[in-house]
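Colleague: So the chains spell out like this:
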Amino acid sequence: MTRWLVRRTVQAAVTFAIAVVLMFVLMRLAPGDPLSRLQESRPMSPQEMAHLRALYQLDQPIHRQFAKFVRGVFTADLGTSIEHGLPVTTLIASRLPATLLLGGAAILLNFTLGLWLGVRQAVRRGSHVDRALTVLSLAGYATPSFWLGLVLAWLVGIRLGWLPVAGMRDPLLPPDAPWPARMVDVAAHLVLPALTLSIVTIAGTMRYQRNALLEVLRLPFIGTARAKGLPERAVVWRHAWRNALFPVITLFGLWLPLLVTGSVFVEMVFAWPGLGSLAASAASSRDYPLVMGAALLAAGLVVTASLLTDLAYALLDPRVRYS
Amino acid sequence: MSPLRHALARAWRDPRGRAGALILAAVTLGAMIGPHLLPDPLAQPCVLTCRDLGPSLEHPFGTDDLSRDVLARVATGGRISLGVALLAVALSVTLGAVTGLVAGYLGGAVDTMLMRLVDAALAIPRLFLLLLVLAVWEQVPVLVLVLLIGATGWFGTGRLVRGEVLRLREEAYVRAAEALGASRRRIIFRHLLPNTAGPLLVAATLGVGDVILLEAGLSFLGLGVQPPTPSWGGMILDAKAVLVAAPWAGIFPGLAIVITVLAANLFGDALRDAVDPRGA
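Read top to bottom, the protein sequences are chains H and D. In this text, residue positions in the first sequence follow the working numbering: the first is 1, and each later residue adds one. In this text, residue positions in the second sequence follow the working numbering: the first is 1, and each later residue adds one.
Treat the hints as calculated values from the structure; they're not laboratory data. Backbone N, C-alpha and C fix where the C-beta goes; we use that ideal spot for every residue, glycine too. A portion of the hints provided could be inaccurate.
Rough simulated footprint, nothing fancy, chain D against chain H, three-plus residues with beta-carbon under 8 Å [unchecked claim]: (1) 284-291; (2) 298-305.
Label pairs and their calculated CB-CB ranges [what the hints assert, rightly or not]: (3) D:Pro60 / H:Leu136: 45 to 53 Å; (4) D:Glu58 / H:Trp162: 51 to 59 Å; (5) D:Gly181 / H:Gly300: 44 to 52 Å; (6) D:Leu22 / H:Asp130: 16 to 24 Å; (7) D:Gly181 / H:Leu5: 29 to 37 Å; (8) H:Pro46 / D:Gln139: 48 to 56 Å.
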């Protein structure tokens, strides 16, 4: 077990290392250098350009740049954002809480709703409800998150006026307001982005839960439970569902990239002050150190999530062999 | 009947498959014929009086902020979006098939290296792979966009094909061909490739939906198809600014995306069950 653990962790580290090299190569794939885009928005004198290039060490040979970049990954020094003039790591850290809040809310909504609907589908397999839910969840998966966000903002926020559609806090609410008022305010701002993010990602959860439960419902011990005369609800939830929760764990690793990608668009549409909107604006304003920082974080998250998923699965399921 | 035609026939008998195929055909037809019948998607017939008009007989989807006909733009944008998706998927499926066949059949160090690369590439969400390149590139021509999207989409397919090849390599007929002294190339192209055609077709169909969403997302960020060329994602970006005055300018291109991607995924699902009935 310990050897397997070590090997799996080393494997994750190697994957991340190759990903880091890949990102550096990709960034240098475009013709010209990363700063040439800046000329478009603002004409610069050759001296100014040379100063900036020296600042970002673009005048150094490529292997030096690479060495500095790798050192930066290890020491959490990812350079300075061109647009904000602040260290990339500082910016990322300041945006992290908002993203964690939104991501957490979306995960919670996705899993509670997705698991429940998946169970309903499996229990009524082949029925109209099952088919309708499948098509609906696939429609959610086929929906661009930014479009759904805009439509919800227009319909619920603007036409009906029920919920705020931008930001995380009401700017008119005094900062020394009592904490319940501030919490309600943030929660109201959270509803639409979290809902959007979970609708576009719920299809996978439902499908996984449905198929996992169907597998378990075929097993003999379910027949035994039914033969004992247990009510169907107890059979489904107490006997079957608990055993059908395992495979859904693997989903987390597969699902995280979707969440990371979705949050870029959803945060941008709802002006949510998180990492996603930071990455979106960095890409639009050609702020390459910041784009790189966001991509590094995304890759790190994906590698870590897949490692944790494997570990959790190995710990929870005694049938997994460590080889 | 070849296995592939058999699978297609089975997918056609599946209601999901048939609905998906018919909708896809309708969308493709609309994108091909529409631009010839509809007004010029760039025309601004009367700048002041036909801005932000609601849907009417003359403009079934209304007009946008620059008084252009939204239906015509959705049709022309569909041509761009579908064209980009088909070309990019063709490229990534080819790359994935070649990599998977080579890695799976040759095995050894080549296999290890390629699969390590695939693992790493899959760890970076595809959107970020593209942002890294597009954030520093000058205005990207559509063809370069196709190449970039195609080049970042083959990793999953490569791993899938490799798995299939590892399984097929042990089959009796491949062993027999090897024993008869068939060349590597003959084995790869005559025996292995045709037998991975089913999973490849499934990957391609599902890939079309993913790429349409991806291209729309990039265009929405202003990094994909550049104005004035209409694209579904770009139209939604334009409509964002006039959400209250002309919601139809954003609603219709979005619906076009949902319908097209849903149809591709329904067809892909039916096809997957037809290719591999065990997974159904």
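Colleague: For every hint, state whether the structure bears it out.
Modeller: These are the hints, each one checked on the structure:
Counting residues of the stretch 284-291 of chain H whose C-beta lies closer than 8 Å to any C-beta of chain D gives 5; at least three are required, and the coverage claim holds. For a cut-off of 8 Å, the count of residues in the stretch 298-305 of chain H with a CB near a CB of chain D stands at 4, and the three-residue condition holds. With their beta carbons about 27 Å apart, D:Pro60 and H:Leu136 fall outside the hinted range of 45 to 53 Å. Evaluation of the 51 to 59 Å hint for D:Glu58 and H:Trp162 yields a failure: the beta carbon distance comes to about 35 Å.
Evaluation of the 44 to 52 Å hint for D:Gly181 and H:Gly300 yields a pass: the beta carbon distance comes to about 50 Å. One distance hint, 16 to 24 Å for the beta-carbon pair D:Leu22 and H:Asp130, holds here, with the actual separation near 22 Å. For D:Gly181 and H:Leu5, the hinted distance range of 29 to 37 Å is not satisfied, since their beta carbons lie about 46 Å from each other. In this structure the hint that H:Pro46 and D:Gln139 lie 48 to 56 Å apart at CB is violated, the actual value being about 23 Å.
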